[in-house]
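Peer 1: Numbering follows UniProt numbering, in which position 81 of the sequence shown is assigned residue number 81; successive positions increment by one, without gaps.
These are calculated hints, taken from the structure and not from any lab test. Just so it is clear, CB atoms sit at the ideal spot from N, CA and C, and this is done for glycine as well. Any given hint could turn out to be false.
Quick list of the computed label-pair ranges, beta carbon to beta carbon [as the list claims (entries may be wrong)]:
#1 Ser-107 / Arg-38: 35 to 41 Å
#2 Glu-57 / Gln-33: 34 to 40 Å
#3 Ser-26 / Gln-61: 48 to 54 Å
#4 Phe-20 / Arg-56: 37 to 43 Å
#5 Ala-98 / Phe-20: 37 to 43 Å
#6 Lys-89 / Glu-57: 22 to 28 Å
#7 Lys-42 / Lys-110: 35 to 41 Å
#8 Gln-33 / Lys-63: 18 to 24 Å
#9 Lys-63 / Gly-85: 32 to 38 Å
#10 Ser-107 / Lys-54: 27 to 33 Å
#11 Val-21 / Glu-57: 43 to 49 Å
#12 Asn-23 / Glu-66: 15 to 21 Å
#13 Ala-73 / Arg-32: 29 to 35 Å
#14 Ser-97 / Glu-35: 29 to 35 Å
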Amino acid sequence: MWRALSARAPHSDDIHRGFFVANIKSQIKRNRQNEKARLRNKAVKSSLKTAVRKFREAADQGKVDEAVVLMRAASRQLDKAASKGVIHKNQAANRKSAIAQRVAALSAAK
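Start from the sequences, fold in the hints, and give me the full structure.
Peer 2: Here you go:
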C-alpha cells in the first residue's frame, strides 16, 4: 500500500505528519490520543533534561548549595516522570543516584 504513495518505506515521522490516516473510528481516536501523549511526554522529558543540565552546570562550577537545591528539584521531577510512566522507574532511580553521588563528591571536596 505504501509503495503506491511513495517510493520509500514508511518512517515513524510519517505517522505524526498524518501520512497514514486510519479508517476506523476507534483507531482515529487512538491516534489522536497517542499524539497528545507523545507531545506531553516530549515536554516532560525536555524539562527533565533541563533540570539535570542546570544541576550539572552548578556542580561543574563548584556551587554546592545551589547544586543541592537543584538536585532536589531534579529528583522531584524524575519521580513525577516515573510515576506517570514517561520514563521507567529504574531509569529515574539511576539518574537520581548519579546526581546524589555528584553532590556527595562535591560536599566531600569542600
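Peer 1: All hints, please: hold or fail.
Peer 2: Do the hints match the structure? See the list:
1. Ser-107 / Arg-38: 35 to 41 Å: holds, 39 Å
2. Glu-57 / Gln-33: 34 to 40 Å: The hinted range 34 to 40 Å holds for Glu-57 and Gln-33, with Cβ atoms some 36 Å apart.
3. Ser-26 / Gln-61: 48 to 54 Å: holds, 53 Å
4. Phe-20 / Arg-56: 37 to 43 Å: Because 40 Å falls inside the window, the suggested range holds.
5. Ala-98 / Phe-20: 37 to 43 Å: holds, 39 Å
6. Lys-89 / Glu-57: 22 to 28 Å: holds, 26 Å
7. Lys-42 / Lys-110: 35 to 41 Å: holds, 37 Å
8. Gln-33 / Lys-63: 18 to 24 Å: Violated: the Cβ-Cβ distance is about 42 Å, outside 18 to 24 Å.
9. Lys-63 / Gly-85: 32 to 38 Å: Check passed, 33 Å falls within 32 to 38 Å.
10. Ser-107 / Lys-54: 27 to 33 Å: violated, 18 Å
11. Val-21 / Glu-57: 43 to 49 Å: holds, 44 Å
12. Asn-23 / Glu-66: 15 to 21 Å: Violated, at about 55 Å.
13. Ala-73 / Arg-32: 29 to 35 Å: Holds - the Cβ-Cβ distance for Ala-73 and Arg-32, about 33 Å, lies within 29 to 35 Å.
14. Ser-97 / Glu-35: 29 to 35 Å: holds, 33 Å
Hints 8, 10 and 12 from the earlier list are contradicted by this structure; the remaining hints agree with it.
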